[in-house]
Structure formats: C-alpha cells, structure tokens
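Top to bottom, those sequences are chains A and Y. For the first sequence, counting from 1, position 111 maps to 307 in my numbering; every step adds exactly one. For the second sequence, counting from 1, position 88 maps to 279 in my numbering; every step adds exactly one.
Think of the hints as simulated: they come from the structure by calculation, not from any bench. For each residue, glycine too, the CB sits at the ideal point set by N, CA and C. Watch out, some of these pointers could steer you wrong.
Now the stretches of chain A that chain Y is said to cover, found in silico as 3 or more residues with beta-carbon under 8 Å [what the hints assert, rightly or not]: (1) 256-269; (2) 422-435; (3) 489-500.
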Amino acid sequence: MDEVVSSAAGTACAPGVAVRYGPARAAGVWHHLAELQDDRLAVAVGRSTDPALVDRLSSEIGAVLRATGDPVAATAVAAASPAGGPAAARVICAVIDRPAARLTYSSVGDIQLVVAVPEATHTVLDPAVGRPASVQLQPATTVLLCTVEPGEDAACAAELLAASATMHPDQAADRIIGTLAGLPIAVVALLYRHAPAPMSLTVPAVPSSLATVRSRLRHWLALTGADSETAADALLAVGEAASNAAEHAVLGAVHDVELTVRAAVAGARLLFTVSDNGCWKTPSESSGHRGHGIRLIKALVDEAHLASGERGTTVEMSKEWRQ
Amino acid sequence: MTDQTGTARFAVTPASGGQPPVVAVFGDVDLANVAEFEETMAGALGDSPALTVDLTGVDYSDSAAMRALFGMAATTKLTLWVRPAGHIKTLLGISGLDRVATVITKV
Numbered sequence: 197m198d199e200v201v202s203s204a205a206g207t208a209c210a211p212g213v214a215v216r217y218g219p220a221r222a223a224g225v226w227h228h229l230a231e232l233q234d235d236r237l238a239v240a241v242g243r244s245t246d247p248a249l250v251d252r253l254s255s256e257i258g259a260v261l262r263a264t265g266d267p268v269a270a271t272a273v274a275a276a277s278p279a280g281g282p283a284a285a286r287v288i289c290a291v292i293d294r295p296a297a298r299l300t301y302s303s304v305g306d307i308q309l310v311v312a313v314p315e316a317t318h319t320v321l322d323p324a325v326g327r328p329a330s331v332q333l334q335p336a337t338t339v340l341l342c343t344v345e346p347g348e349d350a351a352c353a354a355e356l357l358a359a360s361a362t363m364h365p366d367q368a369a370d371r372i373i374g375t376l377a378g379l380p381i382a383v384v385a386l387l388y389r390h391a392p393a394p395m396s397l398t399v400p401a402v403p404s405s406l407a408t409v410r411s412r413l414r415h416w417l418a419l420t421g422a423d424s425e426t427a428a429d430a431l432l433a434v435g436e437a438a439s440n441a442a443e444h445a446v447l448g449a450v451h452d453v454e455l456t457v458r459a460a461v462a463g464a465r466l467l468f469t470v471s472d473n474g475c476w477k478t479p480s481e482s483s484g485h486r487g488h489g490i491r492l493i494k495a496l497v498d499e500a501h502l503a504s505g506e507r508g509t510t511v512e513m514s515k516e517w518r519q
Numbered sequence: 192m193t194d195q196t197g198t199a200r201f202a203v204t205p206a207s208g209g210q211p212p213v214v215a216v217f218g219d220v221d222l223a224n225v226a227e228f229e230e231t232m233a234g235a236l237g238d239s240p241a242l243t244v245d246l247t248g249v250d251y252s253d254s255a256a257m258r259a260l261f262g263m264a265a266t267t268k269l270t271l272w273v274r275p276a277g278h279i280k281t282l283l284g285i286s287g288l289d290r291v292a293t294v295i296t297k298v
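This is chain A alone, in the form it adopts within the complex:
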C-alpha cells in the first residue's frame, strides 16, 4: 500500500489509521502513508506556505521514507529545499515499528506530534528537529501528527486527542478536525492507534459468564478501532462460540469447566480463540445445535477452525481488521 494525498476529506488507509483534512478542500497541506517491510508503517504530514512545494515535497519525502525508512533522511529533504528552506516547510516524518512498538520520528519547522494513552493523558513530544527521536508505544496508544501551529492550537489538538483516546480512530479524527477546521489555515490530522494488548479472560463455562465475555470483548474491540460491522460480527462469532461452550462443554463433565476467550491483533487481522476444558459431545447427540453455531461463526468471520478432543474444544477465528 502506498498513498500520497494532498487534499482529501477522509481517505482509506492502513489499519488503525485515520486521516482528515480541514477545511475539506485544504490547500498547502499533505500527508503520506506507506507500509514498509517488517510490519512497519511510515507516515508524514506537512504544510508549506508555498503551494508549489506541496506536490514536490510530499512525493520526494515519500520516496525517501519508502527507500530508507529513516525519518531524519526524509525530513532532510524539506530542510534542504531551495525554495525558502525550512521556514517555508513544516514536515514531520515518523516510522512506526509495530512489532517493536516503537515510534521513531523527526521534524522540520514548527509542527506537532502528540501521543495519548487510553487513560486520557497526553504528551506533546519534543519536535526533534533534524535529529531522530523515538518513543515506546504502550498498547492502545494513539499518535496524532497534525500541522497546527504550536501554542494554543496545538494544546487544543492535544486536549481533543486525550479526550478521544478510547474512541474509534475515525471518530477521534472527525472530532479533532471538526474543531480545528474552524482555524483560518489548512490542517491535516493523521491518527495512528497502536494495537491494544491481547485480551485473555477465563470464566466458568456457564450461561451467566457470557455477559462478562461480551462486555470485555466490546471494550477491547473499541480500542482496536475496528468498524462497527467488523466489531458486531466478531462479538457475535465469539459470543456464539462461548455460548456453545457454556451449553455443551459441561455436559457429562465431572469437573468444573472453564471457558477462555483470547483476542489479539496480528498484522491486519483480528484473531480470536474460544477454548474450554470440557467434554466434546458429538454433533449428532447435540441435535445439530452446535453445528448450527459453527455454521453461524463461519459466516461471520473469514476463517474458523474447530478442534476438539478429550481435553476440550478450541475454536480459532480470524477476521480482517477493518476500520
């Protein structure tokens, strides 16, 4: 995936990423987004007082980012720009190493980069002009790259980000740009939501546990920024698998049966596992009800696999992480 956009109301992009421009036909601002090798994401936003610079800078910076994965080398393109130098261009480039949970960035000009964690606290990062800086990303951290001026507007963006830290990235971006679009200058805001920590929950395999499972999973799905359809399908698929465990796994068991639900983000997929340590009853004995549940699950997720044995049943599901 590779995307260079100089003006758009909202653009399709990578999982966990939302980009918004304001006003809708903003001129002079741009963003760049590219997937690099090893599950890294390169992002850049910029603003230039010289509109002629916008296309050239966005494409040159994008090319350097893709080729080197180095935010300092990419921002150096703007610093070396003959048309007015750094004063004419504000650029921030960042590379997010998803497996290492590390954000490396560098900037030119006065420009804003903020991170917020779900606990609704935020940090305005050091601009790191002409040099690399990096921060470790906690699970579910939201990163905002925004072309507003430092000072009041940036503080406003930071407050908005902190207040949106558990919202879906699209909603958070809409809210931030909805407020910032009132500014007289063009603004681009790029949000990145880091994957939340995997969820793991073990409860007794009884019907009254199902509400607990759904409550925890709803919260986790919201943190991933999955779209409402994806979240609803995943909730139902996992709920169905858990319901099957609560209904069937306990039959014939002489011990207390437990149900474990796991959820994790892996690349561009959401993975779910529902396992129990109960007794598998053959489908014929359960009059097809369990079979019905499995059919429903298969219709809701991209891949579903059921394995059962004397030690219990495990249902593994995966679904595209759409947002």
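With the hints as your guide, set chain Y onto chain A.
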C-alpha cells in the same frame, strides 16, 4: 445501547383490535435468559394464533434466541420487527429465520 450488559427486559402488549400480542425485547438475549424469553412469548401468545416480537431494542442476541424464535414460528404466525441495519438482520439471514417469520423493518 444499554450499560446493563447481559440483561434483557421484556414488555408485553396484549392483543387488541385484531392486532396480535406484541413482545418487545430490550438489551441482550443469550443462553442466560433465553428461557425467560421463551416463557414471556408463550405467556403473551395465550390463545392468539399470531405473535409479534419487537427486536428493535435488542443490543445483542445469538443463536439461542434464534432457536427460541424458530420454536415459536413452528406453531404460530410470527412477525418480527427489526432495525434497518445491525447484527439482528445478519443473524436472521444466516439462521434462515427470515424464511419462516415475517420480518418488518422499523426505522
């Protein structure tokens, strides 16, 4: 959406003026309360040949609820009110319940 995850509330409107009784369901229906759902439907039905179940207030339901509705549709003229979008419509389509009950979309 209700914050009382896992709880369901049922409201029954008796038959009147030729209209069948209506069971309105709110919240989450799952294995934990599906028996109550079935009892509520049976109680509301009484001698009526038809029953309407208003699912527009449902936040979550799974195949346990679908089985209860299939059971009702086997002996009764069943009408379901649903929201235009959402997982209930998905569930009705996948389970095939939309072929044995009359589904009416309510905005």
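Broken hints, numbered, in rising order?
-> 1
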